[in-house]
Amino acid sequence: MIDTSKILILDGAMGTELQAAGLPVGGIPEVWNIEHPEAVTAIHRRYIEAGSQVVYTNTFGANRLKMAKAGYPLQALIVAAIGNARAAVVEAGRPDVKVAFDIGPIGRLIEPLGDMSFDEAYDIFAEEIRAAKGADMIVIETMSDLSEAKAAVLAAKENCDLPVFLTMSFESNSRTFTGTAIASMALTFSDMGIDGIGMNCSLGPEELLPMVKELYTCTKLPLVVKPNAGLPDPATNKYNVFPEDFVQIIRKMLPYGVCAVGGCCGTSPEYIRELTRVVREWEAERDAYEADKAAGAAEMAPEADGASAEDGGFYPDDYEELTTLRNTRPTGIASASKTVWFSEPRCIGERINPTGKKRFKEALQNGDMDYILGQAISQVEAGAEILDVNVGLPGIDETAMMVRVIRELQAVVDVPLQIDSNKPEVLEAALRIYCGKPLVNSVNGEEKSLSSILPLVKKYGAAVVGLTLDEAGIGATAEERFAVAEKIVSRAEAIGIRRENLQIDCLTLTASAEQAGVAETLKAVAMVHDRLHLGAVLGVSNVSFGLPNRDVINTAFLTMALQNGLTLPIMNPNSEAMMGALRAYRVLMNIDKNSLAYMDAYRDWKPAQTVVVAAGTAGVPGGTGQAGGAAGTPAQGGAHIGAPAGDTVAADIATRLGDGAASLYTAVVRGLAAQGTELTKSLLGTMDSMDIVNGVLIPALDTVGAGFESGRLFLPQLILSASVVQGAFSEIKNHMRANGAENVSKGTIVLATVKGDIHDIGKNIVKVLLENYGFTVVDLGRDVEIEAVVDAARETGTPLVGLSALMTTTLPSMRDTIVALREAGLSCKVVVGGAVLTPEYATEIGADYYGRDAKATVDIAKEVFGC
Amino acid sequence: MVEMKPIRMDEAARYLGYGDTKPDETILALMKECEAPLLEACHPAYSVGIFDMECCSEDEVRLAECALTLTGKDIVKHLVGCTKVALMAATLGPGVDMLLRRLQLTSMPKALLTDAMAGAAIEQICDDIQSELQGKMPLYRQTWRFSPGYGDLPLALQDELLSAVEANKRIGLATTDSHMLTPLKSVTAIIGLQDMTKELRKVATEDGDAISAPVGACAAGACAGCAYHESCLSRQDKTTDETDVLQ
Chain A
5 MIDTSKILIL DGAMGTELQA AGLPVGGIPE VWNIEHPEAV TAIHRRYIEA GSQVVYTNTF
65 GANRLKMAKA GYPLQALIVA AIGNARAAVV EAGRPDVKVA FDIGPIGRLI EPLGDMSFDE
125 AYDIFAEEIR AAKGADMIVI ETMSDLSEAK AAVLAAKENC DLPVFLTMSF ESNSRTFTGT
185 AIASMALTFS DMGIDGIGMN CSLGPEELLP MVKELYTCTK LPLVVKPNAG LPDPATNKYN
245 VFPEDFVQII RKMLPYGVCA VGGCCGTSPE YIRELTRVVR EWEAERDAYE ADKAAGAAEM
305 APEADGASAE DGGFYPDDYE ELTTLRNTRP TGIASASKTV WFSEPRCIGE RINPTGKKRF
365 KEALQNGDMD YILGQAISQV EAGAEILDVN VGLPGIDETA MMVRVIRELQ AVVDVPLQID
425 SNKPEVLEAA LRIYCGKPLV NSVNGEEKSL SSILPLVKKY GAAVVGLTLD EAGIGATAEE
485 RFAVAEKIVS RAEAIGIRRE NLQIDCLTLT ASAEQAGVAE TLKAVAMVHD RLHLGAVLGV
545 SNVSFGLPNR DVINTAFLTM ALQNGLTLPI MNPNSEAMMG ALRAYRVLMN IDKNSLAYMD
605 AYRDWKPAQT VVVAAGTAGV PGGTGQAGGA AGTPAQGGAH IGAPAGDTVA ADIATRLGDG
665 AASLYTAVVR GLAAQGTELT KSLLGTMDSM DIVNGVLIPA LDTVGAGFES GRLFLPQLIL
725 SASVVQGAFS EIKNHMRANG AENVSKGTIV LATVKGDIHD IGKNIVKVLL ENYGFTVVDL
785 GRDVEIEAVV DAARETGTPL VGLSALMTTT LPSMRDTIVA LREAGLSCKV VVGGAVLTPE
845 YATEIGADYY GRDAKATVDI AKEVFGC
Chain B
9 MVEMKPIRMD EAARYLGYGD TKPDETILAL MKECEAPLLE ACHPAYSVGI FDMECCSEDE
69 VRLAECALTL TGKDIVKHLV GCTKVALMAA TLGPGVDMLL RRLQLTSMPK ALLTDAMAGA
129 AIEQICDDIQ SELQGKMPLY RQTWRFSPGY GDLPLALQDE LLSAVEANKR IGLATTDSHM
189 LTPLKSVTAI IGLQDMTKEL RKVATEDGDA ISAPVGACAA GACAGCAYHE SCLSRQDKTT
249 DETDVLQ
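Heads up: the sequence lines are chains A and B, in that order.
With the numbering used here, letter number 135 in the first sequence gets 139, and the count goes up by one each step, no holes.
With the numbering used here, letter number 230 in the second sequence gets 238, and the count goes up by one each step, no holes.
Read the hints as simulated data drawn from the structure, not as lab findings.
These numbers were taken from a predicted model, which means no experiment stands behind them.
Each residue gets a CB set at the ideal place from its N, CA and C atoms; glycine is no exception.
Careful: at least some of the hints might be erroneous.
Within a straight-line C-alpha distance of at most 25 Å, the following computed BS3-like cross-link-like pairs (lysine-lysine) qualify [said to hold, decoys possible]:
id, chain 1, residue 1, chain 2, residue 2
1, A, Lys73, A, Lys10
2, A, Lys242, B, Lys92
3, A, Lys217, A, Lys256
4, B, Lys144, A, Lys242
5, A, Lys491, A, Lys463
6, B, Lys40, B, Lys13
So the derived list for chain A, only partly shown, Cβ under 7 Å to chain B, looks like this [stated by the list, open to error]:
id, residue
7, Leu117
8, Ser178
9, Phe181
10, Ser693
11, Leu719
12, Ile723
13, Val772
14, Thr813
Turn these sequences into a full structure, and let the hints guide you.
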């Protein structure tokens, strides 16, 4: 443990000092540990002599990737670095000085920002830490990516017993380059067992001061601060804050929980000397002030308030307010960029869950990520602040699916997630890779659950939902459930989980089956709120199973539960009535100050229009302007669109299939998405699904495709039309599913952006167009391993594999993939495409076809499948 | 610092394959709709380092006090006549990557347009950085931006270029295993700086219209490709050659 009763003086910059000693810009500083040990030791020694009580080893970039070209084994560079620091400690005759093993970012970004996996990052850090024999502590610094910081912290906690400091680098917008917010960092690491948290590099002390204050209110951990000496001049590379100014601003930070302070880029022993002096001076003044205050309080004990009147003397004006916030704020959960404090009711979106959802089950079985992610985006757009993620389904690998879904969700939505599973192995895998601090759903009062899940919550610093049931089942009365809640709380606290990290689910019963039980649930919520002072969770929608017009029941129950103390309703955010009730509650309880959030949510709100739907609208042949009726909001332009002048295809469709079909054709050609969907809905009442596809949609795509090929139309127009068809297809599929019909596919095609290439928009465009033409696409994504392509081709038995690459440097990877497909003895054809490809090169690397663009690729697919 | 400006739609349209054709009203309206979310997602940042050219051979340029060595005939040609080199790394930040991924799930047309607009945005940022540099170094003429992967300059130099301007630490830019930049909407470039005072001084001291190539140019050993080839006093090869003139 680190003694934080006195502020620790850290060291200053290593990099700029090494450059001053002759290291070229962009050179590998760690090489100097072996080639110029005396220079490195001298720098450490100067810092120690200036007052540093902790020196950071010269190992910022000492990972196997950055050291690949160093010319020395990683282990040797690390051992030498620790040796140099130790030598300085000995030379200076200061055995009390600690040697901190310094870990900087790997230099690659973790998925989804980059191509490195979380496990690879962990492995790289673990290798460094295992090599760091003889260090007194670990300092992880200058982190920008929350995932990478988490990999480093886990590697430290799992591979050594040393104290750990973590500092990240924030920009002037109070976020790191990758978007990590201060509160997100604080919540993620506050319960992961580190010894200090804070910020270093990127900015000077002036800019960091407000961020230190913010961090102080978000964590109870000691703070660590190492600012730069201001900002560098790009032309001269000189920093602009001098030692005297540097330390005066640092002094202003000290009241806010700072336990260790030093300097980063541009600072030197001179800064540290001045810093040491000012820190000790401040401590002496503080101690004198506190002693005076204590004495004063003792003397004036009968007049209780007497002492605080003079508090303005030492601490800054905002100190008391910030300290109160720090001590009273309930905890919360976080993604890298968004924090949700449990200080007010928050909507947890319930839709990522296969229970009772046929379409979702299908998506899980087929690995249809787009559907799952689409569900997430629509919930967030509707106002969900947290998303529940449940992917449990018999027959699928829940652990692998959970990890995949969380990773992909975190690439497209920024709200924190609730990891929903009762299997410890699923939870652990998810907790490991989750970027931020999640809410675990759930632990319950059963011994098996308590003993397997609570330790995971503790280790990964998560929050957890406690279900008020145990071996005896769900208690009938509120008191029984409350007793289980108390048990869960005490067991959690016993292993060191802070009680505020618990949220209690009092379990919603179904009104249609156990009507009397609903009131017991509400009573239990109130007891949890009033007596345990904990937040309460409820799966709100469960209350209305089996009843008609469920929204009415759900909304009423939600409002009643909120009034009883519910903080985390798990609900459908796409239900306007329920979201409305939640927003209204926040207004009425004076939570949503000045109704700002409410007004923002209803900015574009207009009273619902009364729509007169003529009987049989859906069945009326198109062209009468009633296409939009069923949705309740008339589709703009639902009226007859008319065929483009001179388009003989449109005229032909109108003659053979009616005006409605011709209108749909035109909507596709003109790229009118809303009309396309509404017209399709309408046509499905009178036309066979496949007739719509083959008689209207495909001819329309052909028309647009021909325009594109002739140069009359451009790619955005082609894609706009493709997206209209996408919407139409989705309606047709829903219709077929509702009627129990099998989806008709023209065949399966495997698509991948090859290994090494992370630019995949081109491949995704091809996918949309292929799907438009009725092909089933197995999309392997980007940066795809060669074996994964071979496996998918074998498993699907596809006659056609499409490979995409954007950069010249990844073309060899494309060639290798083709070779592997051939060597595997697969008879599939291969079509390749991408900006830098040429027909000649396609032939050279053994591809069967060169897909010039998305349209050409569809033509090739038609040829291969003979359709 | 650079700030985001409205996106140059004509430039974005060019990336979309429109050439000189103006997109129709529907597409233009959709582009306009994409602009605000894109600007909101952009957090541009850059890092620039300026180095003296130390040594130049036919296929290698070395920079003073910098570990990066630029290799290949094309970069030598690019830097002919220059005495200094600016290394630049710029990014729109990871927010744009997230926006593009989200749009590909909700609206492929918007994704396509936003992708092209983001391309225009990062180029605009680079232009702004060059303007700022021009303001700070008014006596230097800048070349266009040459990037690793162009011609015979290896893409693998990307990693060392990032180190030379501390791009990972200063602006969060990283490379992948295959030397691609992440976040995706990022640019690295090598800009040559030609000292115009030396050029002017030379003109003033010579009579008539003769000028000489700035210091360093001849050392590049690329006399035929030099911008001053035609009029240079110290030209090694006295025959006239019209080809390969840079500017």
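So, going through the hints one by one against the coordinates:
For the hint linking Lys73/A to Lys10/A, the alpha-carbon distance of about 42 Å lies beyond 25 Å, and the restraint is violated. A C-alpha spacing of about 19 Å is found between Lys242/A and Lys92/B, which places the hinted pair at or below 25 Å, so the restraint holds. Taking the CA atoms of Lys217/A and Lys256/A, the gap is about 10 Å. The hint holds against a cut of 25 Å. With a C-alpha separation of about 15 Å, the suggested pairing of Lys144/B with Lys242/A holds against the 25 Å cut-off.
For the given pair, Lys491/A sits about 20 Å from Lys463/A by alpha-carbon distance, which is consistent with the 25 Å threshold. Between Lys40/B and Lys13/B, the direct Cα distance comes to roughly 14 Å. Compliance with the 25 Å bound is thereby established for this hinted pair. Interface restraint check for Leu117/A: the shortest CB-CB distance to chain B comes to about 5 Å, inside 7 Å, so the restraint holds. Given the 7 Å rule on beta carbons, the hint for Ser178/A is violated: about 12 Å separates it from the nearest Cβ of chain B.
Hint status for Phe181/A: holds, given a least beta-carbon distance of 2 Å to chain B, under 7 Å. Residue-level restraint check for Ser693/A is violated (minimum Cβ-Cβ distance to chain B is 23 Å; threshold 7 Å). Below 7 Å, beta-carbon pairs count as interface contacts, and Leu719/A has one with chain B at about 5 Å; its hint therefore holds. At a threshold of 7 Å, the smallest CB-CB gap from Ile723/A to chain B is about 5 Å, leaving the interface hint in force.
At its closest, the beta carbon of Val772/A sits 5 Å from a beta carbon of chain B; the interface hint therefore holds under the 7 Å criterion. Among the interface hints, the one on Thr813/A holds; its C-beta lies about 5 Å from the nearest C-beta in chain B, closer than the 7 Å criterion.
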